[in-house]
Amino acid sequence: MTKYIIRRLLYMIPVLLGVSLIIFLLFNVVSGDPTAVLLGKNATARQMADLREQLGLNKSMFLQYIDVVKSAFTFDFGYSWATKQEISQMIKQGSYPSICLSVPAFVISTIISLFISVFVAYYRGKGIDLFVRVVCIAGMSISALAYILFFQWFFAYKLGWFEISGFEEGFPAFVPYIALPAIIWIVLSIGPDVRFFRTVILDEIYQDYVRTARSKGLSEMTILLRHVLRNAMIPIITYVVIQIPSLILGALLLENFFSIPGLGGITLNALNSSDFPVMKAMAILSSVGYIVFGLISDILYTVADPRIKFK
Amino acid sequence: MKQNSLWKDAFFRLAKDKLALFSLVIVLIYFLVALLSSMGLLASTWSQEVGASNLPPSLEHLFGTDIFGRSVLQKVIRGTQVAMSVGVAASIIAIPIGVLLGAFAGYFGGWIDDFVTWLYTTFSSVPNIMLLISITLILGKGIFAVYIALGATSWVTLCRLIRGEVMKHKEREYVQAAGAIGGGHMRKLFRHILPNVSHIIIINTSMQFQIAIKSEVILSYLGLGVQGEPSWGTMIDDAKLELVRGVWWQLAGATVAMFFILLAFNILSDALRDALDPKLKGK
Amino acid sequence: MTLPLLSVKNLVVEFRTGEGIVRAVNNISFDIPHGKTIGIVGESGSGKSVTSLAVMGLLQKPAAVIPQGEIFFNGVDLLKCNENEMRKIRGNQISMIFQEPMTSLNPVFKVGEQIAEAIRIHKNVSNKVAWEKAVHLMNLVGIPNPSASAHKYPHEMSGGQKQRVMIAMAISCDPKLLIADEPTTALDVTIQKQVLELLHKLQQDLNMSMMFITHDLGVIGDIADDVVVMYRSNVVEQNNAQEIFTKAIHPYTKGLLACRPKLGANPRRLLTVSDFMTEEGVEKTVPVERIQIFDKESEVIKTDHVLLEIQNLVTQFPIKGGLFGRTVDHFKAVDDVSFKIKKGQTLGLVGESGCGKTTLGRSILRLVEPSAGKIIYDGKDITHVQHEELRLLRKKMQIIFQDPYSSLNPRMTIADILMEPLNIHNEGGTKAQRYEMARALLEKVGLKASLMNRYPHEFSGGQRQRICIARALMLRPEFVICDESVSALDVSIQAQVLNLLLDLQQEFGLTYVFISHDLSVVNFIADEVGVMYAGKIIEMDKASNIYKSAKTEYTRALLSAIPKGETKQSLASLV
Amino acid sequence: MKSLVLVLTGVLLLSVGCSKDRSFDERELHLISPEKIAGFDPIQISDMYSGNEAGKVYEGLFEFHPYKRPYELIPNLAAALPVVSADGLVYTFTLKKGVKFHDSPAFPDGKGKEFKSDDVIYSIKRLGDPKLQAKGWWLFDDKIAGLNEWRDKNSALEASNYAEEIEGLKKIDDYTVAIKLKRPYPQFLYALAMPQLFIVAKEAVDHFGKEFLNHPVGTGPFVLPVFEQTNRIVYTKNPTFREKFFPSEGEEGDDKLGLLADAGKKIPLVDKIIVDIIVESQPKWLGFQKAKADLLEIPKDNFDSAVVGGKELAPDLKAKGIRLFANAMLDVTFFAFNHDDPTFKANKKLRQAMSLAWDRAEANKLFYNSSAIEAQSVIPPGLGGYRKEFKNPYVKFDLEQAKKLLAEAGYPKGKGLPTITVQTRNETVARQIIEHFAKCQERIGIKVKVGMNTWPELINKVTKRQHQLYTMAWGADYPDAENFLGLLYCPNSSPGSNGSNYCNPDFDALFKTATVLQDSPERSSMYEKMNEMVAIENPWIFGFHRTKFYLSHAWLKNFKFMEFNHTQFQYLNVDLEVKKELSKKF
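Chains as they are written, first to last, in the working numbering: chain A, 1 to 311; chain B, 1 to 283; chain C, 1 to 575; chain D, 1 to 586.
Do not take every clue at face value.
[To be verified] If we take Cβ atoms under 7 Å as the criterion, some of the chain A residues that face chain D in the derived model are:
{"hint": "1", "residue": "L39"}
{"hint": "2", "residue": "M90"}
{"hint": "3", "residue": "I91"}
{"hint": "4", "residue": "N256"}
Just so you know, these hints were derived from the structure itself, not from any lab.
We put the CB at the ideal spot given by N, CA and C, even for glycine.
So that you can see chain A by itself, here it is in the shape it has in the complex (with noise of 0.2 Å):
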């Protein structure tokens, strides 16, 4: 267990290099001159040229890339160009929201998908099941933005359950700011989730053991939530761990439109400024965070599975 973990450790050198080269590639090599960005519109010709030289642009393609390297492995992103704001700093100061509205949001929608998923599979075949199947899926193909507009306009505005917009440090300062994204956030994830849920849940329910547990004389919903559960949540605990790094970067529209600032909304930011730094900064960051629970959840796999040995 102990030596997998090790080499699944040492693997994120080679993937963690990969993200970088590709990293590079798009902002170092591909993309072009940055210093129109630092310098603002009445830049003189001059200045651009020290900039350069002063960013290291005029380092050879090898050494910048070292630099890209040294960041994914140290998090020492150095300043953003636009804000000229540490991006470290950045990241520190907007993980906080980013973490008040993603977390509670996520672990809502896990959950409530995961009752409605069972719920389903309790009545498989049945008006209920294929209702909710069409729900789910009728849900997914509206636009977030749709959803986005008519509760901010709706539930904030016109009901005034909730806070238009903005964020307060704090609990529970910050609910009723991250309520109604949340919401949304919920109502959006429960489509796919409770899809995949009930997928998996099914295919474990054709399972010969589901037989056995059957003919002892358990209850149908004992056996889905004892014994069926049990065996869906190994893929279902991949599928959820797998989401959580991208939950570190929040939901950049949510956070654009409800006005968190969180990292979502300096992501887009940086995407708006071409603030290359910062957009290299996030991408190490979440892949950084993807290769980390992509390890936590195989190491999961052996809570959950038995069967699953490492060596």
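Guided by the hints, dock chains B, C and D onto chain A, whose structure is given.
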């Protein structure tokens, strides 16, 4: 007994599912609309004024008019062409890459597998949205960049699925049998294994297709997508501003158009999986 | 006369499928008295499992419908019970064990927990008491070190042990009726014997009734008091076991009895069900005795030419470990094996699962690369030949696999499958000529030429195995390895295929290596038999000698485990 | 698990229920910033919104009078307007005494030090520091004697040497500074009122280092100890703020409007300013209507719901006491041809044809609710050089003439002309404007396509001359037409502000003479001449001078539209009584 191949069999199974058949028809209609539009037989006059600015839907203008008095219906149709072309182009790029890499990795194992695994782990580690945004940003916008960006992100899933499936099939006895009668690697891989995992391509494509459509909308919304042509994304972007003025039909047009194709693809990919994946037969 | 424990009356079960309504059980009736074992025998698809599921109330609704019939259990009609009432009966008064011990246990729960759960549902006891009872039951079913084993997960146990766990679970609430659905089919023959003995003993000790479902009359003879024979959804014959074995009435039963190779006799051909009745189920009037049965040793043409010689063959697989997945050790699947086969002869290789017999077969064909030793084919060392030479070799050496379902490419038509070897080796002339060759061979293996353009999934298991045989013979090989080629088939089909193999050997002068776990099959078909154990051939001799005077303990155990096809009185004396 | 959901839902509902009530005890000013704030380092400021925020904590030597129009420069940290030498090159400034920087750990014992002439010199040098690459450098590039030399010298050094004295920046005593210019620079004083020239303290810059941009230490009326990258900035009144009083004069009529009611009171008038950063227009609009903000720049798309018939405030808003402000802006929108491109450079008629084909009235209606003024040339009304009577013959909608000119240009019905891509920002309205433009051009047979860019990308394309046509709006940095005319001055060609790379020797010659003159009728007439001369050349397709609309709640006092509004907020006031009363309606 009818003489059926598995494909025909699957089709008949699919045909029995009314909802799926209906979805298939919808998908085909969208393709037809897109095709007619690209040949200039439909909505070729989308850029012309047909009435006053922001007319609500009426018999004359079914979906109303936009800010310039252009027909929203025609824009929706034109947007359909863009959306479908994005799906098709992304598939054309993603399928060969995904299938070949996945097949070679799964079949040969060893360093090829190590390399391909590393490649797609790396690609899937960078969040899709970042990759999409960066690629379109860097390739300089426009529909071509969207094609490339979506192609570059959607081969990963296919590659991983094909690799896993090929690994499974490689051990099957029919492949061993092909080896025993003297078939070489390429024959085993392309003549025997690939046809047997091809349903994965179909199912995955139908899922990737809708992801492509959704991504195009988001990219266009962010201003990174299609330029100078109506797309559902730019229409929704327009609508964001018009909505408070009570101009809802542009949003409605794009949303409804998007809704039906996504709904159809969603149902269809479910049904395809049921029909093509023998594991799920009879459930 | 007391009422029987279970009484099935005029039961009909139908399935609604996309193609229409399929009748799986057609108006059957039988009784199970208290304390007796009823064997239900029939081939796959005959409706025997559906019957048992109907008794348990486990049929998948709404696909399955019971339009007619009654199932009385202790005087209660189970078909009229609602789900709650059924649940109280299931696992408590009627319990069931299934064919596949590998998948029938929940992989994520400890086995002790799974047994205890059954106890907890029906008996109002604490967790602790239930667990202790579970350990006790595990002891009862003969699982070594039960208190430790109860903490194991299913994957940590062998197939036999898992089936014992299933049994422990089934008897945990002292049921009145135990339904065993092919409980030993997936097990090795020695384990099968132990499980049979265990079931028999438990049935006696606990005074249960048992419904024993199997496709193998041989097995049923060992255990059942009465036998119900099912054929195509109908009960065709039911009687007490003694009667069935000695004077079967229905031609199907007769066929079943006759088609199983017996260790004692060594006939040239096996009788099959089709010798006794027509496709339509009408008894054939030709007296069975008139079909010739030779002692094969008397007439087979033998040469002294050694076609294949294996010298000290070793095939090993690396065991990975360490931080970077280095190879830390090797597992020797085939360990220093040597033998010779003369042209036209059949070498049987017998052994239980995991003994290395399949790897040996594939090593000979170089489908798996051997690690050491030599393979000499027709005087030529082929251990290391490569590319073109290896390809040419493929024309001479062929293999027929075990699973007829997975060994045909489902996306190719039969014509494509059969012509492919010719295409690869560019033989057989034009496409039309190749097609003609394929057609001819298909007819030779007993299938109609009109089936050429069909896909594999449209065929039954036996038919598929014939196609596999045809494919193997397309290139006119001299040497064929049959790797468990009949193991997945029903007994009656198995006999047909064995006969076919013999006929083909005769006609084409083939040399076979016949690999099987079933000693009686090997004994029937092979001239010489090698017994494999842990990668080695521990005994090798003429088939008849092995049977008559086995030298090793293991071989003798194998022999004694073979169901005798006799009644249970004989078994009772053994216990 | 079920209970977990219950608890979570409970917490959610509970906290929603007890969302905070508004307080009516403190004078709080609630504002909205529609864009992210980059930081508080004055020299790096390049956008109006960051400038507005910096203006709450920092001050410059001068500011614009909050009420007088036309815009009048008044001393802020300077004690009076400077004394200018006869040659117009040496400016001598006297500074206010007793002005204290905010209390900050940057200073010994944490008490804010006094503002002196060293701080002025330091702040100007800092703008020229080559290590910092200030975005505002263009203001003083090649303007102050010795500053460029100092900059060049230091770019080779490890760290810039501030100790070195510069010829043009002379400290006479603690409260007197003399600045020597290289050549006449009439806009010099305007520059000193801009955020880039806000005065900073060396101690604070050294103490906070790279983090200086998040720790504004100024002399201004409000304090903000730390700026965090959140969407809410809260300023509190500066307790050590000097004695500064509300002006008693304004434009004619201001007193009638009640704008001067607070005359003579010590400013700032509010205790707290809360700025919410809201980018999307829907939440901005909804928030204002819920009284979450006191003042709102109307998002264009909400115009119809706020303003009926393009003039009157909607009755439901009026009922709540909301007021509407409409003011012409000092700006111009335009489509600039790239004169590097021979297609456009040599072909005046093509440019004119395109200008004539554009239906400006329709565009005005669609995008500006008919509130904008059609631009005849570069200079907006309100600046010297603008002549109301002047009409550009090519700024009208005349398809016939357009077609004629296009044919004369060598492209009859657009034949032979490639598709023209217009580069713009990736914003909805920007895209729609070009779509409309394209629709108009199609009528005479010219094909036009939209190219969307992020702001930096657009700048990049323009500075690298990789465009055919781009569209932009130019807002005044200071109230001098030079700021607009410079956009067509040949030496300013890319990467300078003349993104069209237009060159006209006559124009350039006039520009050279006029721009070194102080404001005078003579200069204005020269500006007029230039403005009209360039108009008929159509180096651009002139667009509009736009109008800005604000809504304010009744309790917001003293608000008057201001083009250069960095320092405006200290003059605003909140009437708590009115607020309390009206709040019932929300």
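Hint validity - A:I91 Cβ closer than 7 Å to any chain D Cβ: Status violated, d = 10 Å.
The hint names A:N256 as touching chain D; please verify it with the least Cβ-Cβ distance against 7 Å. At 6 Å from the nearest chain D Cβ, A:N256 passes the 7 Å test, so the hint holds.
Does the closest beta carbon of chain D sit nearer than 7 Å to the beta carbon of A:M90? The hint holds - A:M90 has a Cβ within 7 Å of chain D, the shortest such distance being about 5 Å.
Holds or violated: is the Cβ of A:L39 closer than 7 Å to a Cβ in chain D? Interface hint status for A:L39: holds (6 Å vs cutoff 7 Å).
Hint compliance for this structure: hint 3 is the single one not met.
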